[in-house]
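Q: What follows is the residue order along each chain.
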Amino acid sequence: MSAEPASPPVEDAGQFVRAAFSNASFVTGFVITALIALMALVSFVWTPYDVINLTVANRMQPISAQHWFGTDHFGRDILSLIMMGARNSIAVAFVAVGIGMGIGVPLGCWAAARGGWIDEALMRFNDLVFAFPALLSAIMITAIFGPGAVNAIVAIGIFNIPVFARVARAGAMALWPREYVLAARASGKSATLITIEHILPNIASLLLVQGTIQFALGILAEAGLSYLGLGAQPPMTSWGRMLFDAQTRMMVAPHLAIFPGLAIVVTVLGLNLLGDGLRDVLDPRLRRQR
Amino acid sequence: MKIIVPVLAAAAIALASGTAFAQRADVVIGVVLEPPHLDPTAGAAAAIDEVVYANLFEGLTRIGPTGEVLPALAESWEVSEDGLTYTFKLHEGVKFHDGAEFSSADVKFSLDRARAEDSTNAQKGLFAAIENVEATDPTTVTVTLSRPQGSFLYNMGWGDAVIVSEATAAGNMETPVGTGPFKFDSWARGSSVVLVRNPDYWGEAVALERAEFRIVPDAAAAIPALLSGDVHAFPNMPAGDALAQIQSDDRFEVVIGSTEGETLLSINNGKEPFDRLEVRQAIAHALNREEIIAGNGSGLGTPIGSHFSPANAAYVDLTDTYPYDPEKAKQLLADAGFADGISATLKLPPPPYAREGGQVIASQLRQVGIELEIIPVEWADWLSQVFTEKDYDMTIVSHTEPNDIDIYSRPDYYFNYQNESFNAIIAELDSTSDEEKRNELYGEAQRILAEDAVVGFLFQLPKIGVWDAKLEGMWENSPIPAIDLTQVKWAE
Amino acid sequence: MTLFLLKRVVIGLITLLVASVVVFSVMEILPGDPARIMLGMNATPEALATLREQMGLNVPLLERYANWVTGMAVGDFGNSYTYRSPVIDLIAERAIVSLPLAVISLALSTMIAIPVGIFAAARRGRMGDTVSMGTAQIGVAIPNFWFALLLIYVFAVWLRLVPAGGFPGWAGGIWPGLKALILPAVALALPQAAILARVTRSAMLEVLGEDYIRTARAKGMPRRTVLWRHALRNAMIPVLTILGLQFAFLLAGTIIIENVFYLPGLGRLLFQAINQRDLIVVEGVVMLLVASVVLVNILVDIAYAMVDPRLRSRA
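Chains as they are written, first to last, in numbering that gives the first Met the number 0: chain C, 0 to 289; chain V, 0 to 491; chain U, 0 to 314.
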């Protein structure tokens, strides 16, 4: 807390990129995430096999040169399913983060700007949402509106709102007493304008790091919901859904459960490394610590 | 010390000599669903009957292992010429588990309770023909019907028609009191129900002293439980793909029997375009039953062509009425004016035969141009949306009630199917008691349904019974939902 | 301290009350008729109407809410629609599975994570740090139910050391019961331990960088003493926060894990009750879970105050 900057820290894009790509954690995470995203994108135009029309005669084939990861109980190629599933897992987690940011950040900034009872009310609302374990509320939401990918997004997104509200509020609160903000205030700018011009750019890095973490959590949450049969529904597939189908067949065909699980682990690992790397690069104080 | 030492020694001898010392008399039975409560007269759940039917509760008659009507609390009966008066002669010396004497008054109470205005019996229709029940003397009951009913004795053998005591009827959900060879011991909710031998049983005593029904919901848990010896028998095993592995293990006996579960692709006949025969015929031609059965886990099940159990004497094989022929299906759709295809919804309840079978069916129908949107629903929603409000295009469900072909004649049933000539046959059946004539009528009814392609007739749900090879006397088929343990014992 | 406690308790109670309104209204809009589910496909309309009456489903909404909340205040959670027995009994029967499971896994994860975190902090940048934190990084990414499936496959199916699922109850002795809880507890604990180890490590590093620790070291205090006596105590604050959060996480995690292992615990009870539209059971279990989260948060706040008296004034 010693050297407070007198003006907003200016991000030098080139410097940032150099710092980022000399960070091992960031590079590993970035490569993994990019590969998974690429895999999901490719699945829109091409997968090794057709997974829409079933060929039951081909069911539960072990790993082979034709089917690298084997086939499932409907004779579908597991590699193709994992590619298709990536889309879903990523889309659900991504939109859920979007919901959380889109609603949570304005709320948090508002609370920080106004303070007083609005701030207090927001914090109590946060406590209330946090009192419901996330998975519990997700189960209740999908029980009411029926299982499905869209409802899974809503359920996970709702839990993201207070997380982002809290982060945005904490970040903004620390900025309001700063000189350049006070100066802007003195010049008669409205709170909204100050938030947009000065606060948001400076908490963006915080939000980015939190976004990566929530993204990873979103992938895990989607897998959990789908595993309970509450997420993506056939013919749509997702990694959690594949594990749901695999559970009763593990004894005879363990490969059904191993590959989708590994896909989840690798993706979450990649995102977490990316998040850690980002934090190191963006927050010099923490970097010094490591 | 003086006492303990000899006891220990005896125990050591018992251990050393193993089963030769005493015949094994306990069994652990695995069941898929936990009964919501234990009163078969107040709930539709088959899980209740599986535990208590024939074991704990008895009716006037009972259904045997092959679906035949056998005497139970009534040792004999007489039917009047006009088929309206049934006189039951009851066994003497029968006691309820609480020690109360059983008599004709209990029969009157039970039947009157089941058909009363405020009854919550799930199968109230079974008692609809009863006009009066009279306890003529302590061991005689006279039942008068308002119309002749061919299936009356069969109906009285259902779990919903068991005889309960007035004093204990209200508590049967938690602590059931019946007249059967086993009595209730304990129920650890979510885990198991335990029955023990009734020492005061009026009939032939059972070989088992203790029977535990353990709740094991699916294959992932059932297989290890069986392999480890924790559970001795699964009368209805959710074996899935692991069945082959169990079959090859000679510690176990695997018996593939039949159930009364006709598994159907139900179609809403009251809704465009499914009200048109050509469209339903096209669906029938598009279904490949072999593949549907193969895609269903165990790969077992007998194809059916109408709504009747292949195990029944009156069964007619109609599977070739509309054989698998996708080209013909496309042609029929084109002729009906749907050359561009049809989109519809397919609502699927939770059992694997629906959720997994549904994906195979959707893939098959897609190939003839019928695009199905799959909507998974919980039982609760299925009952309200599909069954009650008839808000559906297609669904998959197994109709497990025995001998229930008459559902197609019900005016408000969820198929929305109306056919006067079919209704006439069912009405005639209701008043016919001659076996041969009944079978003939059943055949005709099956044929009408098959030709009308009312629904997609898929397969008869198999009963995959798996048990320890040394266990004897388990039922091979399940003509009614029951796990009858009265003849079960361990081989020497 | 008393004022601080009082404020926390009042806020907790208000949270519970608001939660009860939310839970009750959510359950009211849930589609499906509980009476129909109990009686099945062949039930007559009269039988359904009678059962609805008997189940008290015809009472006006507000009255039902009032009865429910006042009942809960004295420990009466109502009667289950499907089991027809008091909800509180059902909860008690299931809690003797879930509670030991949650406690064992919390203990397990704490016992693994804190030493590992301290170890890694003490050897920052060296081999031990890299390996343990690398493992933790992977641990965080593993979904606990998938880990559970792998555990079942290895320990129950291959090695046949422990049962693959189900629960024999405590009646047959402690050991068979514990044996059935080992795999589920490990499956729940390890991913949590990974998170906790990372938090412990960074909290320790943070504290070790503070001036007073450097002073202590400069004064010649042994490294070990500094680590254990001074640093750990102060590093406990963030660790406690995460522990509190993890308890809520564990409770929810048991829902999935109990489904994997077929344990008759609260999670399965809840899951079944939702599917059977046994609303009153769902409401009871949810309120209980929410209440335990609120309670744990209060306990964590108290623990904060005990670890760091400065925080009391801030509350």
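Keep in mind that the hints were calculated from the coordinates and are not lab data. Built from N, CA and C at the ideal position, the CB exists for glycine as well. There's no promise every hint is true.
Simulated restraints, written as ranges between beta carbons of each label pair [unchecked claim]:
#: 1; chain 1: V; residue 1: 75; chain 2: U; residue 2: 59; range: 24 to 30 Å
#: 2; chain 1: C; residue 1: 52; chain 2: V; residue 2: 475; range: 53 to 59 Å
#: 3; chain 1: C; residue 1: 67; chain 2: U; residue 2: 6; range: 57 to 63 Å
#: 4; chain 1: U; residue 1: 48; chain 2: V; residue 2: 22; range: 47 to 53 Å
#: 5; chain 1: V; residue 1: 336; chain 2: U; residue 2: 59; range: 25 to 31 Å
#: 6; chain 1: V; residue 1: 244; chain 2: U; residue 2: 95; range: 33 to 39 Å
#: 7; chain 1: U; residue 1: 28; chain 2: V; residue 2: 22; range: 30 to 36 Å
Q: Now look at each hint and say whether the structure bears it out.
A: Here is how each hint holds up against the structure:
At about 54 Å, the CB distance of residue 75/V to residue 59/U disagrees with the hint of 24 to 30 Å. The supplied range of 53 to 59 Å is broken by residue 52/C and residue 475/V, whose beta-carbon atoms lie about 38 Å from each other. Under the hint 57 to 63 Å, the C-beta atoms of residue 67/C and residue 6/U, about 60 Å apart, fit the expected range. The hinted range of 47 to 53 Å is satisfied by residue 48/U and residue 22/V, whose Cβ atoms lie roughly 51 Å apart.
Look at residue 336/V against residue 59/U: about 52 Å separates their beta carbons, and that is not inside 25 to 31 Å. Residue 244/V and residue 95/U have their C-beta atoms about 34 Å apart, which keeps the hinted 33 to 39 Å range intact. Taken as a hint, the range 30 to 36 Å is violated for the pair residue 28/U and residue 22/V, whose Cβ atoms sit roughly 57 Å apart.
The earlier numbered hints that this structure contradicts are 1, 2, 5, 7.
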